[in-house]
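Model the full assembly from the supplied sequences, consistent with the hints where possible.
Number of protein chains: 2
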Amino acid sequence: MKIPPVKGTRDFYPEDMAVHNFIVDGWKKVSLRNGFEEYDGPIFEYLKMFQIKSGDEIVKQLFSLTDRGGRDLALRPEMTPTLARMVNQRISSLPRPIKWFSVPRLFRAERPQKGRLREFFQWNIDIIDEDSFLADADVIFTTVDYLRHVGLSADDIVVKLSSRKMLAAVLQKIGVPEQSLDSLYAVLDKKNKLPLETLRETLTGVLPNSQMASEVLAFMELKTIQDIERKYGRQEGFGELVELMKRLNTMGVGDYYRFDLGIVRGLAYYTGIVFEIYDKANELRAICGGGRYDNLLRDFGGPSISATGMGMGDCVLEILLREKGLLNVRLPERRLDFFIARVPNIIAFEDDAKSTPLDVADRLAEQLRRKDLRVDLSYKATPLGRQLKQASDRSAKKCVIIGEEFKDKKLTIKDMGTGKQELVDYDEFLSSLDSAKGV
Amino acid sequence: MKIPPVKGTRDFYPEDMAVHNFIVDGWKKVSLRNGFEEYDGPIFEYLKMFQIKSGDEIVKQLFSLTDRGGRDLALRPEMTPTLARMVNQRISSLPRPIKWFSVPRLFRAERPQKGRLREFFQWNIDIIDEDSFLADADVIFTTVDYLRHVGLSADDIVVKLSSRKMLAAVLQKIGVPEQSLDSLYAVLDKKNKLPLETLRETLTGVLPNSQMASEVLAFMELKTIQDIERKYGRQEGFGELVELMKRLNTMGVGDYYRFDLGIVRGLAYYTGIVFEIYDKANELRAICGGGRYDNLLRDFGGPSISATGMGMGDCVLEILLREKGLLNVRLPERRLDFFIARVPNIIAFEDDAKSTPLDVADRLAEQLRRKDLRVDLSYKATPLGRQLKQASDRSAKKCVIIGEEFKDKKLTIKDMGTGKQELVDYDEFLSSLDSAKGV
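Going down the list, the sequences are from chains X and L. Residue 10 is where the first sequence starts when you use this note's numbering, and the numbers rise one by one after that. Residue 10 is where the second sequence starts when you use this note's numbering, and the numbers rise one by one after that.
Everything labelled a hint here was simulated from the structure, so no lab data went into it. None of the hints are false.
Calculated lysine to aspartate or glutamate pairs in the EDC-like style (CA-CA distance at most 20 Å, straight line):
id : chain 1 : residue 1 : chain 2 : residue 2
1  : L       : K200      : L       : D269
2  : L       : K37       : X       : E342
3  : X       : K380      : X       : D368
4  : X       : K37       : L       : E24
5  : X       : K398      : L       : E139
6  : X       : K199      : X       : D288
7  : X       : K37       : L       : D25
8  : X       : K38       : L       : D381
9  : L       : K363      : L       : E375
10 : X       : K200      : X       : E210
11 : L       : K38       : X       : E342
12 : L       : K389      : X       : D303
13 : L       : K398      : X       : E139
14 : L       : K57       : L       : E87
15 : L       : K38       : X       : E24
16 : X       : K255      : L       : E375
17 : X       : K202      : X       : D269
18 : X       : K38       : L       : D443
19 : L       : K289      : L       : E327
20 : X       : K255      : L       : D361
21 : L       : K398      : X       : E46
22 : L       : K37       : X       : D20
23 : X       : K418      : X       : E359
24 : X       : K11       : L       : D65
25 : X       : K37       : L       : D34
26 : X       : K182      : X       : E230
27 : X       : K11       : L       : D138
28 : X       : K57       : L       : D76
29 : L       : K38       : X       : D25
30 : L       : K389      : X       : E249
31 : X       : K380      : L       : E46
32 : X       : K11       : L       : D303
Over the 10 Å line for every Cβ pair with chain L, so calculated as not near, a few chain X residues:
id : residue
33 : Q188
34 : K240
35 : P353
36 : T427
Quick caveat, the model's predicted, so the values are computed rather than measured. Note that beta-carbon positions come from the ideal geometry of N, C-alpha and C, so glycine has one too.
Here you go:
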């Protein structure tokens with residue numbers, strides 16, 4: 010009975026796993042060097058937990074399941090609700106600020122598209138209980154630090170950033186009623202995806218009148234923070250945004266970012282600095298997005314504590330890395346250090362143990378593996394050519410051949426790259442490996 | 010609104026994540042050095058796929074879900090069906106033998122117990138298309154290599170091994186009809202857990218008569234392979250088992266294993282060598298189990314190709330590691346290399362850029378992180394004592410203090426272990442780090 014995989018999921022064969030590990034290992038490495046500590050939570054949570062942040066809207070994007078007690082559960086579509094739950098559970102004992110990262114597997118029950126699968130991985134970094142924009146700068150720097158680490162330069166990607174606080178202040182100055190803000194954000198978030206007339210109509214729908222819609226549209230067209238200052242003055246959030254950009258300059262990532270009023274982040278829960286990173290050619294979906302969300306812990310039944318964070322999926326990132334040719338050059342080697350072959354038709358050597366070539370191979374493999382070298386051996390003493398072919402199929406760097414020379418405790422080492430062979434003393438070979446590894 | 014985690018799942022706070030990573034990183038490291046390549050598959054598959062290997066029985070132990078198209082899916086309770094599906098999909102192009110490993114997250118919809126959770130991790134290693142017992146020896150060696158790597162000696166654990174092939178041969182010699190074997194295995198697998206009388210009754214139920222049940226019981230009491238040879242002769246599978254044990258001796262793990270006829274592995278799909286590893290005190294469930302399963306790929310619609318493998322969950326292992334005190338001594342450090350503090354009330358230095366202490370901290374952090382050092386800094390220039398307290402809370406090895414000395418491009422480095430402070434030149438400090446890391 011042959012059964013296919015489920016649509017929108019991925020099989021990771023060893024060559025795919027190498028790419029996946031390259032991405033995830035980089036996420037972990039860069040998080041750690043930026044002072045974040047790793048956490049994780051369960052793959053499923055109570056369904057209602059995901060409704061707190063994202064409303065009932067989210068339910069139809071969830072894979073839901075029930076346990077044997079009939080409880081409604083769901084596969085996590087994002088990590089932040091779990092983070093909020095976990096932090097709230099131990100809020101009084103955790104040293105703060107909390108700088109945590111995670112690389113969760115997430116699920117969305119939607120139609121698979123380019124860069125959007127039903128099962129994916131996401132890098133999350135969050136800083137909790139630090140209301141200064143320095144935490145936002147830290148999150149943005151760490152994100153860029155990763156993208157730079159995997160080889161993406163300011164020619165490849167752009168961090169578009171803005172401030173929801175400033176946006177709110179200007180919109181209120183224009184006259185938008187506070188209760189209209191959340192629905193307005195959802196519309197503005199789609200600004201770059203909608204034709205102008207559709208946008209105008211939709212805006213008029215959520216605002217008191219069409220004149221206000223026009224004024225909001227004109228405001229959203231402003232390109233620089235200087236334009237905003239000239240037209241609306243230094244509104245709330247303005248100074249913080251300017252300072253944040255100065256920080257990023259000092260941190261050495263000034264060429265990566267650009268102010269962009271179009272970055273709104275649809276969700277109601279953002280409260281301050283917001284950002285998204287795109288490929289510069291602007292052909293793909295956002296690589297990642299993040300921002301400040303100061304009310305979330307409170308919404309999850311905890312205290313009112315500020316927070317800021319970022320989430321980056323693996324799908325768009327992988328497409329971009331592939332397009333830029335970075336997967337070829339940066340992927341770590343998946344090669345065997347040694348493949349052990351043995352000359353056929355040798356029954357046993359004349360040593361004390363009357364060792365067979367297989368005995369020698371097994372003992373040698375054990376000694377090499379103890380040195381943490383990647384070693385495999387031929388199960389069968391087939392003709393040597395076949396064993397060498399196997400060594401080459403497994404991309405072994407070197408092949409150790411156990412032959413008649415072993416009667417003098419010697420081995421043949423074949424370099425699989427150059428084809429050069431040399432005869433070495435068994436014990437000298439082992440001790441040379443120690444010194445090569447600096448043991 | 011406060012929502013608890015789902016029962017039988019785990020939250021991995023940073024200190025739990027450190028333990029988890031210690032376990033998983035070891036699984037990966039030992040797999041690679043033994044020549045296995047990593048793969049993974051989706052968290053959910055079609056429900057019916059899990060019934061092929063384990064029958065309808067499995068369905069009530071599954072977390073099942075439906076996608077929007079109404080398809081019946083399930084969270085994976087084990088990895089082997091996915092492995093079989095993936096190998097079958099590419100059977101003609103994969104170089105063989107296939108030596109693969111995976112560290113999947115798995116799910117069981119059952120009542121949580123000690124060492125058994127509803128969500129857990131499992132290390133899987135498999136060798137496909139190699140029918141020699143050398144592959145079985147390789148699987149057992151690799152498993153022991155890991156347990157030895159994390160500090161468990163032959164005083165702590167025991168590999169109990171047997172052969173389903175030999176068991177079948179002797180049982181048939183006793184007169185057990187072939188069609189009764191599968192149900193008999195399920196009973197014999199529970200042998201050590203049932204009182205003798207219950208066992209005898211259950212056996213009589215699956216066998217033609219009570220005399221045969223007595224003979225099977227007497228056979229199962231035999232302690233050594235010599236006993237079996239004396240009583241039943243060298244049945245099929247006997248020679249292979251003897252050779253396997255010799256191999257394990259040669260590989261240097263002879264003190265870890267013991268023949269045990271009680272190791273049956275309930276599932277019908279095992280066909281040859283079988284083994285389970287237990288804590289020597291025998292207080293916990295099995296740490297892992299495995300064996301040869303030569304028909305599985307065929308059952309999944311592929312060709313008839315031999316296979317052998319092992320699965321080890323993280324829950325029992327973690328309990329044992331904790332009991333043996335190995336988590337304390339072997340866990341890698343989760344410390345910051347540097348915490349950067351700054352003396353309060355300094356406005357700016359007299360350098361060309363009129364740098365503030367924060368500017369200096371940001372630049373220094375960026376340079377240290379580029380060297381892949383773990384660095385964090387204080388967001389606020391609070392009194393120095395508070396910043397040092399923060400450095401100590403974060404287990405920083407050293408604290409860099411930016412103070413008035415920076416006017417001469419000097420920094421104070423405080424060793425957080427000894428408390429010793431020294432004044433160093435900024436550039437010399439950075440270059441000393443390069444040479445310390447061998448850059």
